[in-house]
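Chemist: Start from the sequences and build out the full structure, keeping to the hints where you can.
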Amino acid sequence: MKPRIGVFVCHCGLNIAATVEVSEVVKAIEHYPGVAHAQDYIYMCSDPGQELVRKAIREKKLTGLVMSNCSPSLHERTFRNLAASEGLNPYLVEVANIREYCSWPHQGDKETATKKALTIIKATIERVKRNQALVPLIVPLQKRVLVLGGGVAGMQTALDIANGGYPVTILEKEAYLGGRVRQLERTFLTMESAPDLANEMIDRTLKQPNIEVLTTSRIENLSGYVGNFEVQIRQQLPWVDPARCNGCEACVAACPAEVPSTFDRGLTTRKAVDWTPGERHGDRRIFLDHAACLRVTRQENCTACREACAEGAIDYPEDRLIDRTYGAIVVATGHDLYRKSALTEYAEDPDVLDALQFERLLSEDGPTGGKVLRPSDGKEPKEVVFVQCAGSRDPDKHFPYCSKVCCMYTCKEARRYREKVPDGQAYIFYIDIRSTGKGYEEFVKESVEKERLLYLKGKVSKIARKGDKLLVLGGDTITGLQVEVEADLVVLAMATVPNPGAKELARLLNINTDPYGFIQEAHPKLAPVETLTAGIYLAGTSQAPKDIPHAIYQAGGAASKILSLFSRKELVHEPLVARVDQEICAGCGYCRDNCAFQAVDVDPIRKKAMVNEALCEGCGACATACPSGAIQVKNLDSKQVFDMISIVTQDYSMQP
Amino acid sequence: MASNKWIKLPKENRDALVKGWLKTLLEKGAVSGVVVPSTLPSGANAAQSLITDPAMLEDTQPFAPVMAVSTAKILSRMTRLKPMEKPVAVLLRPCELRATIELTKLKQANLDNLLLIAMDCAGTFSVKTYASLVQEGTNFDEMEEKLFGGEEEPLLRPVCQGCEWSVPGGCDITIARHGLDGTTFGLIAHTERGEAALGEMEGEAWEGGEEARAAAVEKWTQDKIAKRDAQFAELKERVTGVENLLKTYAACINCHNCMTVCPICFCKECFFDSAVFEFESDRFMDWSKARGNLRLPTDTLLFHIGRMNHMSTSCVACGMCQDACPNDIPVAQIFKMVGFNTQSRFDYVAGRRLDEPVPLAEFREDELHEIGGE
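These protein sequence lines map, in sequence, to chains R and E.
1 is the number of the first residue of the first sequence in the working numbering; add one for each residue after it.
657 is the number of the first residue of the second sequence in the working numbering; add one for each residue after it.
There's no promise every hint is true.
[As the list claims (entries may be wrong)] Here are the simulated BS3-like cross-link-like pairs (lysine-lysine), alpha carbons at most 30 Å apart as the crow flies:
no., chain 1, residue 1, chain 2, residue 2
1, R, Lys459, R, Lys445
2, R, Lys634, E, Lys924
3, R, Lys607, E, Lys742
4, R, Lys608, E, Lys761
5, E, Lys763, R, Lys639
6, E, Lys945, R, Lys27
7, R, Lys607, E, Lys761
8, E, Lys945, R, Lys129
9, E, Lys903, R, Lys639
10, R, Lys438, R, Lys459
11, R, Lys404, R, Lys561
12, E, Lys945, R, Lys639
13, E, Lys802, E, Lys784
14, E, Lys880, E, Lys903
15, E, Lys880, E, Lys892
16, R, Lys608, E, Lys742
17, E, Lys924, R, Lys129
18, R, Lys27, R, Lys110
19, R, Lys450, R, Lys404
20, E, Lys924, R, Lys639
[As the list claims (entries may be wrong)] Coverage of chain R stretches by chain E, computed from C-beta distances (three or more under 8 Å per stretch; other residues unrestricted):
no., region
21, 588-599
22, 621-628
Keep in mind that the hints were calculated from the coordinates and are not lab data.
Quick caveat: nothing in here was measured; it's all calculated off a predicted structure.
Quick reminder that beta carbons are idealized off the backbone N, C-alpha and C, glycines included.
Modeler: Here it is in structure tokens:
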């Protein structure tokens, strides 16, 4: 069939028309081979503009459209939808961008711009002549979500989705839910009990019938794509059967392996088999920590706990591998604190704590039952120094970023200290106080006044042991004086860092991390809960340091994105994907090596490349890498590109 | 896997000794075939054959200083779809070995069951030159000795004259000349497979071979690098810029011989032979009108630049393309220079190692900073 292409030239007000001689363009293109209709209008995207296009499609029986206007990112979809509603296949419509590529950069040079606009339009006509009518691809959608991490962000996401009616699996690497919040004593602003807050959420999570919780589990393998992620989960089966355990603690007494408690951040020890931390937690039970057990650490065949158990509740089953399909994945793997030993100018001393250790000291279920007693000798500290920005905002030696929550929790911790030790003094070294947030500034001001917190603006240069005391040397930038405090206890607000393993996880999920290992969002402003891999979302501190309310906002955001994804029956995928000419393909695998979406593979038997259309984003990296042109993107194949180039070389008389 | 066995034998009997050894391997069933240059019916030339009958090894010329077709291309043909089922011995020159390794990385060949025997190489002649040298009754053994002694031979193929890759790497067995005085030649096994095969060969232990060889190779390589750089300097002057390129390639008749014989050009259909380069008659008129004069056939220079773009990261500078050019365009030298420069950008040498990924298949976060400039 001979092509009957319609060319529509938009003035875009004066955006195009002031620089491109629009009427001349129409006159010149009217008789170009294959053009059946050419027309200009002040705003082609407006209702009357669109009506002109509709009318022309109908009356001139157009077989393709070249919309000469702004960038395709603005109105390609508009005109493709229009074409579809007139019965013209939308993939026979292409945009010739004569605004961003032509009128804007050539303002004031009408001759150049008009000539160039014509070249762009002619090249696009040549492309449209070879465009194929395409039909969108339909991809099935598995409406089931995998949430990685059972902290507050993960639980909130899971709850929101489960309440929407879809099944959710939470994978938690620890034996219990609750994450970091479970380690805290109170939360700032309201001074509510943090364990209560976590507990209440854990309770709701465990009772929500759509939520499945897999503790001591991690993701082992991932393939597939949005709607159809094939996931392999490794679950460490509990070595203590909670249904049979009566909590007699005979196993705990018998266990020879005593290790520092990670929950109490080394302030206490625990047996490899022991209670889950936090006395007040509803899911409290005895569990065996594989990572601490001699069966794992020393490969010994220790069965002390099994022998001690009268109930026969203990055995050592192998890990279970579970294969599942999920439609979407949420990364909520949380954070850790930067290690204290990295700050070499500060003494490694039992009385120099990080902020989470201090939270444990404050906690009723902590090592001291909630009394503030210093680890070295159990005395009540009367002078406590808090150091903010320990590792944060230090681009030369540590991290350039602000950890965002330390100003607020330091204030809270100092306040709690004063409430517990009314005759004690709290000093806080700070660079700036960042208390942006509803009620945050008021909280700091109130705490300073009520508890007489002594804020010193400056950095701490050294912490050293001096007899019974810790000598803290710092500068006060307001008075310009050196400050020396003889402290009983020092609390470091260590920088927030991603949980160890975040980078490996990101690699496994094929998502990006920022230079510090936080998971990279798709766009810092417009897509803060998405990753660049469709179907993988983010919540909580795995993305960046944030406080509880912000983690909850993001969890809600991720959940609503997934609910909106699941509101569709199936997924529709752009048909502008790569395809392989099997006759020409030599199976070298360049296409596979250059595909960022793992959409191409080489068949090991036939030695030919194959495209997984559901994964292909049509970027064309494969096509540029292929030396023989065997792999091509539909509607932008080599022939089309060369046809377009030949128009340009001819118009500008370049040497081919 | 690694092995290290060094022996040496009298050089004057090299041809007979090596043939005898290959024959033994074949007779004992250690290998099921041998790929080695054989004398052509004309008598004045040699080309690779796959020999399975031990008696046929009589007519072979393992050391004939000529490469009719790159053995890499032959091995690709033989093993791309299915590796050899039983061991096959292959005799190669270093550039053929590098091309074979490169093709293996590009999934166009499979090294399984190939016993790679490669030789120190002092250079080869084009098929035409070799034939006339045979007619003249040239003593190639003597000539080879002179070359290894450092003498120049203007009749050698130009790429060979400036080739710094005289020593094979990544083979099972090396047939060595560097590090010896010319009265003997060496056999070095680098792998267990190589050592097993070498078990069939009696020879004197080559004591101190490693040091002597390293020194000789170093000297040879430095000399050749100097020659190479001189060739590059002269060539760069001649071909830099579109005008000079057009002049250099003016004699091109678009026969695509260079692509056909290139071991690295593995495409089933060359992009430049595809329908992309078919245009309607109007287009030719338009092009011509734009300039008043359209050189025909079109796209000849584009073909060379495109091919360079496609394969220069893998070019082993074997020189086959230049031998195949009917109009003596210095294709191989140009491709070698461009290949050397592109590969250097990626700290890559085509075919140097099997475990080095080809540059286009690998992503390095820092490479974008390193490229550019100059």
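Chemist: The structure should be examined with respect to each hint, and the outcome stated for every one.
Modeler: A quick look at each hint next to the structure:
1. Note on Lys459 (chain R) and Lys445 (chain R): the hinted pairing holds, with a Cα-Cα distance of about 21 Å set against a maximum of 30 Å.
2. This hinted pair checks out: Lys634 (chain R) and Lys924 (chain E) have alpha carbons roughly 21 Å apart, not beyond 30 Å.
3. Distance check on the hinted pair: Lys607 (chain R) and Lys742 (chain E) sit about 21 Å apart at the alpha-carbon level, within 30 Å; holds.
4. Annotation: proposed proximity of Lys608 (chain R) to Lys761 (chain E) holds, straight-line Cα distance about 15 Å (limit 30 Å).
5. A threshold of 30 Å between alpha carbons decides the hint, and for Lys763 (chain E) with Lys639 (chain R) the separation of about 27 Å falls inside it, so the pair holds.
6. Taken as a hint, the Lys945 (chain E) and Lys27 (chain R) pair is honoured in the structure, with Cα atoms around 21 Å apart against an allowance of 30 Å.
7. Between Lys607 (chain R) and Lys761 (chain E) the CA atoms are separated by roughly 14 Å; this keeps the pair inside 30 Å, and the hint holds.
8. Proximity of Lys945 (chain E) to Lys129 (chain R) is assessed by CA-CA distance (about 23 Å); at most 30 Å being required, the pair is judged to hold.
9. Under the criterion of a C-alpha separation no larger than 30 Å, the hint pairing Lys903 (chain E) with Lys639 (chain R) is consistent with the structure, at around 28 Å.
10. A C-alpha spacing of about 27 Å is found between Lys438 (chain R) and Lys459 (chain R), which places the hinted pair at or below 30 Å, so the restraint holds.
11. Annotation: proposed proximity of Lys404 (chain R) to Lys561 (chain R) holds, straight-line Cα distance about 26 Å (limit 30 Å).
12. The suggested pairing of Lys945 (chain E) with Lys639 (chain R) holds, with an alpha-carbon distance near 22 Å, which does not exceed 30 Å.
13. For a cut-off of 30 Å, the pair hint linking Lys802 (chain E) to Lys784 (chain E) stands: about 21 Å separates their Cα positions.
14. Restraint check: the Cα-Cα separation between Lys880 (chain E) and Lys903 (chain E) comes to about 28 Å, which is no more than 30 Å; the hinted pair holds.
15. The hinted pair formed by Lys880 (chain E) and Lys892 (chain E) meets the criterion: a straight-line CA distance of about 18 Å does not exceed 30 Å.
16. For the hint linking Lys608 (chain R) to Lys742 (chain E), the alpha-carbon distance of about 25 Å falls within 30 Å, and the restraint holds.
17. Restraint check for Lys924 (chain E) and Lys129 (chain R): the C-alpha separation of about 28 Å stays at or below 30 Å, so the hint holds.
18. For the suggested pair Lys27 (chain R) and Lys110 (chain R), the alpha carbons sit about 16 Å apart, so the restraint of at most 30 Å is met.
19. Proposed proximity of Lys450 (chain R) and Lys404 (chain R) is supported: the alpha carbons are some 24 Å apart, at most 30 Å.
20. For the hint pairing Lys924 (chain E) with Lys639 (chain R), the CA-to-CA distance comes to about 18 Å; that is within 30 Å, so the pair holds.
21. Counting residues of the region 588-599 of chain R whose C-beta sits closer than 8 Å to any C-beta of chain E gives 5, which meets the bar of three, so the coverage hint holds.
22. Closer than 8 Å: that is the beta-carbon criterion, and the region 621-628 of chain R has 3 residues meeting it against chain E, so the requirement of 3 holds.
Of the numbered hints stated above, none is contradicted by the structure.
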